[in-house]
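Since the structure of chain A is provided, determine the placement of chains B and C with the ligands on it from the hints.
Below are the chains, spelled out letter by letter.
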Amino acid sequence: MVGWSGGRVVNVVAASAAAAALAATTLTTRPPDHPTTRPPDHSTTRPPNHSTTQPPDHPTTIGLFLCTCHGALEGTLDFPALVATGKRMRGVAYVERLEAACEETGLAAIERAVAEGDLNRVVVAGCSPHLYADRFEALMARLNLPPRLLARANIREGAAWAHIADPAAATAVARGVLEMAVAGLRETPYHPFNPRPQETVARRVLVLGGGLAGMTAALTLADLGVECDLVEREPQLGGNLHDIHHTLEGLDTQTLLASLVERVRQAERVHVWTEAELVGWSGVRGNFAARIRVNDEVRSERYGALIVATGAEEATTTEYLYGQHPRVVTQRELERMIAGGRRQEAGGKMWASCFLPLDSCRSVVMIQCVGSRDETRPYCSRVCCAQAVKNALALKRLDPTIEVSILFRDVRTLGTQELYYRQARRAGVRFLRYEPPAKPVVEADGDRLRVTVHDTLYDETVTLEADLLALSTGIAPREDSNRALAAMVGVMLDEDGFFAEAHPKLRPTDLARPGIFLCGLAYGPRFVTESIAQARAAALRAALTVTRPGEPRRDVATVEADLCSFCGLCVAACPYGARVLDEEERVARVLDSLCQGCGVCVAVCPNGASRQPAFEPVQALALVDAALIE
Amino acid sequence: MTDFEPRIVAFLCNWCTYTASDLAGTSRIQYPPNVRIIRLMCSGQLDPIYVAKAVLEGADGVLIGGCHPGDCHYQSGNYKARRRVAIIHQVLEQLGFDPDRVWLRWISASEGQYFADTVTEMVAALKEKGPSPFRRQWSV
Amino acid sequence: MDGWLEVHDSTEQTINRLLETLLTSGVVDGLLVPLRTPDGRNAVPTLVRDPALLERAAPLAPVLPVNGATVLGRITATGAPGRVGAVLRNCELRTAVELSKVQQVLLDDVLLIGMDCLGAYGVEDYARLVEEGLDAVTPALMAAREGGVEPLPGYAFRPACTMCERPIPGVGESYAPHIAIGLLGVPNDERLWVSLRDEELGEALGLEPAEEPAGRIEAVRALVAARTAERDRRFAAFHERVHDASSLLAEFATCILCQNCMRVCPICYCKECIFRTDVFDHPSARYWDWAARKGGVRLPSDTLLFHVTRMLHMAHACVGCGMCSDACPSGIPVADIFRTVGRAVQARFGYVPGRDPAEEMVIATFREDELRELGER
Ligand SMILES: Cc1cc2nc3c(=O)[nH]c(=O)nc-3n(C[C@H](O)[C@H](O)[C@H](O)COP(=O)(O)OP(=O)(O)OC[C@H]3O[C@@H](n4cnc5c(N)ncnc54)[C@H](O)[C@@H]3O)c2cc1C
Ligand code: SF4
Ligand code: SF4
Ligand code: SF4
Ligand code: SF4
Ligand code: SF4
Numbered sequence: 001m002v003g004w005s006g007g008r009v010v011n012v013v014a015a016s017a018a019a020a021a022l023a024a025t026t027l028t029t030r031p032p033d034h035p036t037t038r039p040p041d042h043s044t045t046r047p048p049n050h051s052t053t054q055p056p057d058h059p060t061t062i063g064l065f066l067c068t069c070h071g072a073l074e075g076t077l078d079f080p081a082l083v084a085t086g087k088r089m090r091g092v093a094y095v096e097r098l099e100a101a102c103e104e105t106g107l108a109a110i111e112r113a114v115a116e117g118d119l120n121r122v123v124v125a126g127c128s129p130h131l132y133a134d135r136f137e138a139l140m141a142r143l144n145l146p147p148r149l150l151a152r153a154n155i156r157e158g159a160a161w162a163h164i165a166d167p168a169a170a171t172a173v174a175r176g177v178l179e180m181a182v183a184g185l186r187e188t189p190y191h192p193f194n195p196r197p198q199e200t201v202a203r204r205v206l207v208l209g210g211g212l213a214g215m216t217a218a219l220t221l222a223d224l225g226v227e228c229d230l231v232e233r234e235p236q237l238g239g240n241l242h243d244i245h246h247t248l249e250g251l252d253t254q255t256l257l258a259s260l261v262e263r264v265r266q267a268e269r270v271h272v273w274t275e276a277e278l279v280g281w282s283g284v285r286g287n288f289a290a291r292i293r294v295n296d297e298v299r300s301e302r303y304g305a306l307i308v309a310t311g312a313e314e315a316t317t318t319e320y321l322y323g324q325h326p327r328v329v330t331q332r333e334l335e336r337m338i339a340g341g342r343r344q345e346a347g348g349k350m351w352a353s354c355f356l357p358l359d360s361c362r363s364v365v366m367i368q369c370v371g372s373r374d375e376t377r378p379y380c381s382r383v384c385c386a387q388a389v390k391n392a393l394a395l396k397r398l399d400p401t402i403e404v405s406i407l408f409r410d411v412r413t414l415g416t417q418e419l420y421y422r423q424a425r426r427a428g429v430r431f432l433r434y435e436p437p438a439k440p441v442v443e444a445d446g447d448r449l450r451v452t453v454h455d456t457l458y459d460e461t462v463t464l465e466a467d468l469l470a471l472s473t474g475i476a477p478r479e480d481s482n483r484a485l486a487a488m489v490g491v492m493l494d495e496d497g498f499f500a501e502a503h504p505k506l507r508p509t510d511l512a513r514p515g516i517f518l519c520g521l522a523y524g525p526r527f528v529t530e531s532i533a534q535a536r537a538a539a540l541r542a543a544l545t546v547t548r549p550g551e552p553r554r555d556v557a558t559v560e561a562d563l564c565s566f567c568g569l570c571v572a573a574c575p576y577g578a579r580v581l582d583e584e585e586r587v588a589r590v591l592d593s594l595c596q597g598c599g600v601c602v603a604v605c606p607n608g609a610s611r612q613p614a615f616e617p618v619q620a621l622a623l624v625d626a627a628l629i630e
Numbered sequence: 001m002t003d004f005e006p007r008i009v010a011f012l013c014n015w016c017t018y019t020a021s022d023l024a025g026t027s028r029i030q031y032p033p034n035v036r037i038i039r040l041m042c043s044g045q046l047d048p049i050y051v052a053k054a055v056l057e058g059a060d061g062v063l064i065g066g067c068h069p070g071d072c073h074y075q076s077g078n079y080k081a082r083r084r085v086a087i088i089h090q091v092l093e094q095l096g097f098d099p100d101r102v103w104l105r106w107i108s109a110s111e112g113q114y115f116a117d118t119v120t121e122m123v124a125a126l127k128e129k130g131p132s133p134f135r136r137q138w139s140v
Numbered sequence: 001m002d003g004w005l006e007v008h009d010s011t012e013q014t015i016n017r018l019l020e021t022l023l024t025s026g027v028v029d030g031l032l033v034p035l036r037t038p039d040g041r042n043a044v045p046t047l048v049r050d051p052a053l054l055e056r057a058a059p060l061a062p063v064l065p066v067n068g069a070t071v072l073g074r075i076t077a078t079g080a081p082g083r084v085g086a087v088l089r090n091c092e093l094r095t096a097v098e099l100s101k102v103q104q105v106l107l108d109d110v111l112l113i114g115m116d117c118l119g120a121y122g123v124e125d126y127a128r129l130v131e132e133g134l135d136a137v138t139p140a141l142m143a144a145r146e147g148g149v150e151p152l153p154g155y156a157f158r159p160a161c162t163m164c165e166r167p168i169p170g171v172g173e174s175y176a177p178h179i180a181i182g183l184l185g186v187p188n189d190e191r192l193w194v195s196l197r198d199e200e201l202g203e204a205l206g207l208e209p210a211e212e213p214a215g216r217i218e219a220v221r222a223l224v225a226a227r228t229a230e231r232d233r234r235f236a237a238f239h240e241r242v243h244d245a246s247s248l249l250a251e252f253a254t255c256i257l258c259q260n261c262m263r264v265c266p267i268c269y270c271k272e273c274i275f276r277t278d279v280f281d282h283p284s285a286r287y288w289d290w291a292a293r294k295g296g297v298r299l300p301s302d303t304l305l306f307h308v309t310r311m312l313h314m315a316h317a318c319v320g321c322g323m324c325s326d327a328c329p330s331g332i333p334v335a336d337i338f339r340t341v342g343r344a345v346q347a348r349f350g351y352v353p354g355r356d357p358a359e360e361m362v363i364a365t366f367r368e369d370e371l372r373e374l375g376e377r
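Protein chains in written order, with the working numbering: chain A, 1 to 630; chain B, 1 to 140; chain C, 1 to 377.
Be aware that a few hints might be false.
Derived DSSO-like pairs (lysine-lysine); straight-line CA-CA distance at most 27 angstroms [unchecked claim]:
#1 C:294 to B:127
#2 C:294 to B:129
#3 A:87 to C:294
#4 A:439 to A:396
Only some residues are given here: those of chain B computed to face chain C with a beta carbon under 8 angstroms [said to hold, decoys possible]:
#5 106
#6 136
#7 140
Rough simulated footprint, nothing fancy, chain A against chain B, three-plus residues with beta-carbon under 8 angstroms [unchecked claim]:
#8 42-49
#9 66-76
Calculated directly from the structure, the hints in this document are not laboratory data. In this text, a Cβ means the ideal position worked out from N, Cα and C, and glycines have one as well.
Just chain A, same shape as in the assembly (with noise of 0.2 angstroms):
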């Protein structure tokens, strides 16, 4: 069935669009920190949709100042008249003639200009903006004015020189080149300086747990630019993925597995940690210090976030003679059993733990929920039902004849995984439903087993004999650890020992506390693939909360989020992949870091959502206004 997928719980599927958005992002690996530098900015993010017209207690007052270049332009340029227009032009409040505008002399005229007329815009009429660009720069921030209230009116290169030969066109030029200097400068919108107090964030986030979802976590951190650390207390990255040999839909897990390890051991901004332990925590969102135990040795660093990728377990049982019998395995043992079938038939060699040779099995009974949805775990463990199904139709694929029964409470698989519980149908395979408390009857028969069960599909008693009974013992919690975890980092887990989440629609990543994310089994029994979505998702909240509050820089994009539409354009036009859906809170985000003030995403926005703080549609507009006068 193309291009639909079932319900899934609506967690999963807020966190999987995320991580299809993020996946749709082109990824660069050039660094976050670009040579080109630029001066902070001060500016504060302007509100969405408010009216750019001045505020009455702040009026334009432009300070128009123009330089004669040591009065090199003043053959060509007639500054008398220029002086006298720009009087008149709307908002200017002070018109002064400088000699050099750019030398300390000239710098301290504005300064005191502005000072004195309480302006609060400059117009700095001259060379090239591309000259001098700091010196203008830090004069600014010596006036306690954003530097987007500064316009440079270019009438040296645009206009006395472009047109040295003809005066007269020169000096109408250059009024042309000061009327939009001034329209621009009168549509940006004042703000009182605010200087914010400067945030030092950690860029670094830390991964706990090597397994699928934290090595996924990993690399689309350093896909986003992020350093990590991935912190593993096992010797070997892997996880439960070790014991998964495929999943139902047919994804190779092993090779999944190999190819992430490898890709994890190569990423630069990748740092992994095996048999290692976090021993200490604190600090808030940005500014969290961490101890991790490597080898005896304790090694301090600082993070902006933490991502908890700790996973879980496969719970064991003691139901159904399990332990008791050499014929009664879990379905992770079966699994690898069939893997080891396979490998044996491959010419490989046998599993060690396969003790059981397949080929002696001609009835395989299976069953469902053990241990799960009872009273010591109410949850259901949701991968139990599709791992079932897998493991039928592999034995099925092995050899058909293989009589396979799945004893159920009710078929959990989920969405699409329907069609394969249909094609499971279709193969031959049993399914039998029983309902609690008339749980199935397990004993030994010698060498075999014999399950009697009341089938009430039917309504009737059924008595199967059996070579290999497979318990789905479900997920459990790794209880004692996540919470000595969740002690030391300072959040909560749910009833069930899994880590709680925030809210479970809103931010299906988020921990309650700020600047801790989740992801995988540790949440909760998750699938393969949404173990992925969710460490992609995690990974984006984590990356956006190191990369956002750095130093504020001018030439960075920002969103209007009320006016997003979250349509994804931007997304896909950004060149530096420094732009992500963020999709619990449904608007487009910048990862101020990655982003190179290109204005890519600007002119992709149809309605103006994308902007830059230094070029507003406003403005733009102004300008183009102001060039067609005549």
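Frame of chain A, contents of chains B and C with the ligands only:
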């Protein structure tokens, strides 16, 4: 139409064509005074609404300058600008407006002479065409 | 999988029963389908969860009060808690495809159900027709058997319908829905021609596999040809009317800038159009500046800028649904204009709106080796 002086609104990429216009000035390469320049960081920053505004407000010509294909300072902004200009051309043409009043030119930072030549050439072409039908049009 | 679906009772009831099967068997958790309003004078898209409501379902009612893809967006974009089966006209289907590219519709959990579109009337016309006690469905089905798609005597289809050259789901450059129900060129009172994307569903619906009958192929071809001719005639008529600035101004002379055309246009998906933001919230002095420069300024201002910008923003994806023309209080043939312009833009990029959700939106991407003629001297 001898006394008709076309007005051109130019949107120039900061890294290439704007720098070329600076170079033209520094080298005292003369070109007609008919162009008013708006500096963009990248030709890819050109929002089509700017061009629509210029055209409907009566600009006789619109010049869009960017880096040569493959040379965009921001990797690919000029390719996106090129698509946008193609759309603008199609729309204007369908509405009965001469699309050849909107020019896209790749002019690199070192091509000051080419920038001046382009403006000269465009002014001549626009003089040929006459004023924009939207000039001083109050009812747009 | 293609084949026949036996008609029991009436055509409409057969379709409704099919919908009911989808809902009750759990293939879908809800249906988006037009229901007759209690007074019967309209049929409005409704999200149905109770199968009993399907009694009022009017999948064939020839009226299009809103573009169904827009409402499909509402019930899917932020994550649907279940699967929805969406009964859409082919223009709505095209719209859904376009909107899925900009995250306004999530097709993941949607089962698309299309059917041959036998034309639609404006909302007012449809209400009048019902008031007059006319049955629009039966004669339409009857004519369709012979390949005819004609309005009732004394009535006219919406202008956009007369020029819609893609009325048949999955045919030509139309996206194939999961279920496509064919009414044209088949004995639609005995059996319906059904195309499915998924074999499984065929079993569930009791489809009898068959080859597409030649009569249907021919009827579809003839309808598409006639519609294409009408479309081209309208394109030519537009160019006849509008060929320079003054004729363009004349075309929009009666525009009252109500922006209805934008509000109902599904492709104008913006949360808030730029013309309704601070960008166009001009300070008074600006009008005076314009008046000074141009001698005067029409108010409200920016009429043509609004329309041209809209074209620049969305004409590449205009699906020709005609909602804009329906909504214009001044009778401006907005859809004719936007389709004409849209067609030219689309042709330049070989882009066909609504063809395939995987096709990339024109404006967000580029190819290095295209449009070489631009930018060079
Ligand atoms: C029994 C079972 C059967 C499954 N069957 C299927 C199936 O058929 N199909 C399917 O799609 N999915 C299945 N899954 C789910 C799938 O395995 C997971 O979604 C996926 O592997 C993601 O796991 P993870 O990375 O979140 O956690 P894990 O794989 O558990 O990885 C967590 C890692 O964190 C480490 N760790 C734990 N605590 C700490 C700590 N405090 N400090 C440092 N490191 C720590 C662990 O050692 C481990 O390496 C099954 C899961 C289980 C348990
Ligand atoms: S293009 Fe604009 S509306 Fe679309 S996601 Fe980006 S910012 Fe939002
Ligand atoms: S300005 Fe926009 S498109 Fe350019 S790098 Fe920044 S976010 Fe990306
Ligand atoms: S005209 Fe443009 S900005 Fe306005 S709604 Fe349509 S696409 Fe959005
Ligand atoms: S412009 Fe008109 S015909 Fe085109 S998509 Fe919008 S409403 Fe439909
Ligand atoms: S609906 Fe008609 S009158 Fe209203 S803005 Fe659109 S074209 Fe103008």
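Results of checking the hints against the structure:
1. Between residue 294 of chain C and residue 127 of chain B, the direct Cα distance comes to roughly 21 angstroms. Compliance with the 27 angstroms bound is thereby established for this hinted pair.
2. A distance of roughly 21 angstroms separates the Cα atoms of residue 294 of chain C and residue 129 of chain B; the hinted pair therefore holds under the 27 angstroms criterion.
3. Using a Cα cut-off of 27 angstroms, the hinted pair residue 87 of chain A and residue 294 of chain C holds, with the two alpha carbons roughly 23 angstroms apart.
4. With a C-alpha separation of about 26 angstroms, the suggested pair residue 439 of chain A and residue 396 of chain A falls inside the 27 angstroms cut-off, and the hint holds.
5. Here the hint on residue 106 of chain B is kept, as its CB sits about 5 angstroms from the closest CB of chain C, short of 8 angstroms.
6. Residue-level restraint check for residue 136 of chain B holds (minimum Cβ-Cβ distance to chain C is 5 angstroms; threshold 8 angstroms).
7. Taken as an interface hint, residue 140 of chain B checks out: its beta carbon lies about 4 angstroms from the nearest beta carbon of chain C, inside 8 angstroms.
8. Proximity of the segment 42-49 of chain B to chain A, defined as three or more residues with a beta carbon under 8 angstroms from a beta carbon of that chain, is established by the 7 residues found.
9. With a cut-off of 8 angstroms between beta carbons, the segment 66-76 of chain B has 4 residues touching chain A; three or more are needed, and the interface restraint holds.
Violated hints are absent here; each numbered hint is respected by the structure.
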